[in-house]
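Visitor: Take a look at the letters that make up each chain.
Number of protein chains: 2
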Amino acid sequence: MLTLYYAPDTISLATHILLEEVGAAYSTVRIDFKKTQQRSPEYLKINPKGRMPALITDRGILTETPAMLVFVAQSSGRPDLALMDDPFAFAGIQAFNSYLCSSLHINHAHRMRGARWVDANDAAAIAAMQRHVPISVGANYDLIERDMLKGPWVMGERYTICDPYLFTLAQWLETDGVDPKRVPKVIEHRRRMSERAATKKAIAQELA
Amino acid sequence: MLTLYYAPDTISLATHILLEEVGAAYSTVRIDFKKTQQRSPEYLKINPKGRMPALITDRGILTETPAMLVFVAQSSGRPDLALMDDPFAFAGIQAFNSYLCSSLHINHAHRMRGARWVDANDAAAIAAMQRHVPISVGANYDLIERDMLKGPWVMGERYTICDPYLFTLAQWLETDGVDPKRVPKVIEHRRRMSERAATKKAIAQELA
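Going down the list, the sequences are from chains B and L. By our numbering, the letter at position 49 of the first sequence is numbered 49, and the numbering carries on one by one without gaps. By our numbering, the letter at position 107 of the second sequence is numbered 107, and the numbering carries on one by one without gaps.
Among the hints, a few may not be true.
As the list claims (entries may be wrong) - Some, not all, of what chain B presents toward chain L, calculated at C-beta under 8 Å:
| id | residue |
| --- | --- |
| 1 | T57 |
| 2 | G60 |
| 3 | V70 |
| 4 | Q74 |
| 5 | G77 |
| 6 | P87 |
| 7 | A95 |
| 8 | C101 |
| 9 | M112 |
| 10 | N121 |
| 11 | A124 |
| 12 | Y159 |
| 13 | W172 |
| 14 | E174 |
Unchecked claim - Simulated restraints, written as ranges between beta carbons of each label pair:
| id | chain 1 | residue 1 | chain 2 | residue 2 | range |
| --- | --- | --- | --- | --- | --- |
| 15 | L | T175 | B | P184 | 21 to 27 Å |
| 16 | B | R131 | L | K45 | 28 to 34 Å |
| 17 | L | R39 | B | S27 | 25 to 31 Å |
| 18 | L | G156 | B | D58 | 17 to 23 Å |
| 19 | B | P184 | L | T36 | 44 to 50 Å |
| 20 | B | I135 | L | I61 | 32 to 38 Å |
| 21 | L | A208 | B | D119 | 28 to 34 Å |
| 22 | B | G50 | L | K34 | 47 to 53 Å |
| 23 | L | L143 | B | R131 | 27 to 33 Å |
| 24 | L | Q171 | B | P8 | 23 to 29 Å |
Claimed, not checked - Simulated pairs of lysine to any residue, SDA-like, Cα-Cα distance not exceeding 20 Å:
| id | chain 1 | residue 1 | chain 2 | residue 2 |
| --- | --- | --- | --- | --- |
| 25 | B | K45 | L | E145 |
| 26 | B | K49 | L | A139 |
| 27 | L | K49 | B | D142 |
| 28 | L | K150 | B | P48 |
| 29 | L | K150 | B | G60 |
| 30 | L | K150 | L | I135 |
| 31 | L | K49 | B | E145 |
| 32 | L | K49 | B | R146 |
| 33 | L | K49 | B | A139 |
| 34 | B | K49 | L | D142 |
| 35 | B | K49 | L | D86 |
| 36 | B | K150 | L | G60 |
| 37 | L | K49 | B | M155 |
| 38 | L | K49 | B | H105 |
| 39 | B | K150 | L | R196 |
| 40 | L | K45 | B | E188 |
By construction, these hints were calculated from the structure, which means they are not laboratory data. For glycine and all other residues, C-beta sits at the position ideal for the given N, C-alpha and C.
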């Protein structure tokens with residue numbers, strides 16, 4: 001039995017969708033960012049980083065979306081969702097997810113979480129970061145559109161753990177200041193993902 | 001046969017050490033950052049992201065350190081170096097490496113690569129980022145020291161792919177403004193890593 005700690009409108013949705021996709025037995029605990037529950041002593045005992053998501057397993061606690069996505073696939077008997085039996089294909093999946101986590105998600109975070117990288121009182125620097133988000137995030141999406149997203153799914157004909165991850169980040173594409181017309185394949189992928197039963201169920205749970 | 005594109009004093013050292021550790025057949029190509037070769041048309045054909053490192057394999061090109069480390073272990077018949085047969089243990093390895101790539105390395109990069117996140121001409125914002133690096137990187141090392149580094153190796157008794165990755169980032173600990181006395185376990189780990197034959201050989205090659 002797994003327990004997913006999540007917050008609506010955060011990256012936890014990627015793991016949430018995958019849990020539905022593999023038919024995992026799991027429950028959820030909602031963390032309220034408006035009440036800063038991710039910094040509460042209770043949550044910091046679960047995840048000392050104070051970030052979303054965290055996954056409680058029979059053997060301990062896991063964090064970090066790229067790790068959790070592989071874990072959910074592998075531990076549910078679906079290593080095929082990460083192409084794990086093929087070292088090169090698996091590395092391609094991991095490289096894509098690593099790019100999402102360390103480039104796209106990070107660049108996006110400079111819009112709302114600038115105080116991670118400058119003094120929280122430095123309004124000018126925080127505003128400078130926010131102004132740059134459409135450029136940095138836009139460049140990430142240009143590369144994804146041109147070189148990475150094979151279509152119809154990220155890795156081609158097969159749905160993999162890359163798909164719910166890209167879908168979740170692409171929720172923020174417009175608010176990050178990227179014109180959706182610039183990345184038609186990403187938008188088509190987002191639409192295709194939104195039609196899957198697992199995606200609908202995870203989103204419905206989070207909005208309930 | 002593998003070919004590693006690397007640049008001295010960058011994160012490519014982590015993969016370089018692991019290639020030595022597993023006894024892989026590989027050659028290297030040095031990229032000169034002083035000549036901005038990572039942005040040359042030739043290198044951008046290999047890695048359109050213009051970043052280090054890249055690994056040329058028989059089946060294509062791989063990028064992103066967390067992906068490459070797993071690939072080198074798995075494809076060289078050493079999946080044990082990533083504890084890949086145990087989904088929970090493997091997820092722990094991936095979570096650690098994901099934290100290095102998306103938190104520690106990113107925070108470090110705000111010292112020298114601030115123009116990724118603000119206008120390159122905004123000297124005040126870039127300086128504001130630089131001033132914050134000792135705080136953000138210091139917080140990462142505090143967490144690693146307290147909660148993550150089990151000792152003697154990152155994952156405990158067994159050397160894994162986490163070790164060359166942490167070692168490489170810890171090269172920059174002092175220049176990132178972190179007092180080494182604050183993180184004795186990290187410093188001891190760095191010393192222990194520096195004594196391994198594979199580490200010595202990779203560093204010697206890069207400095208040659």
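Visitor: Against the range 28 to 34 Å, how does the distance between the Cβ atoms of B/R131 and L/K45 compare: consistent or not?
Guide: The hinted range 28 to 34 Å holds for B/R131 and L/K45, with Cβ atoms some 31 Å apart.
Visitor: Would you check the hint for L/K45 and B/E188, treating anything up to 20 Å between C-alpha atoms as holding?
Guide: Violated, because 27 Å separates the two Cα atoms, which is more than 20 Å.
Visitor: Lying within 21 to 27 Å: is that true of the beta-carbon distance L/T175 to B/P184?
Guide: About 43 Å separates the Cβ atoms of L/T175 and B/P184, which means 21 to 27 Å is violated.
Visitor: Does the Cβ pair L/G156, B/D58 satisfy 17 to 23 Å?
Guide: holds, 20 Å
Visitor: Would the hint on B/Y159 stand, with a C-beta cut-off of 8 Å toward chain L?
Guide: It is violated, given that the least Cβ distance between B/Y159 and chain L is near 19 Å, above 8 Å.
Visitor: Please verify whether L/K150 and L/I135 have alpha carbons no more than 20 Å apart.
Guide: violated, 23 Å
Visitor: Need the status of pair B/K49, L/D142: alpha-carbon distance at most 20 Å?
Guide: holds, 11 Å
Visitor: Minimum Cβ distance from B/G60 to chain L below 8 Å?
Guide: holds, 7 Å
Visitor: Within 20 Å, alpha carbon to alpha carbon, are L/K49 and B/E145?
Guide: holds, 13 Å
Visitor: Does the Cβ pair L/Q171, B/P8 satisfy 23 to 29 Å?
Guide: Check failed, 40 Å falls outside 23 to 29 Å.
Visitor: Could you grab the alpha-carbon distance between L/K49 and B/R146 and see if it respects the 20 Å cut-off?
Guide: holds, 12 Å
Visitor: Is B/K150 close enough to L/G60, meaning Cα to Cα at most 20 Å?
Guide: holds, 15 Å
Going through the hint list in order, the structure does not satisfy hints 5, 9, 10, 12, 13, 14, 15, 17, 19, 20, 21, 22, 24, 30, 35, 39, 40.
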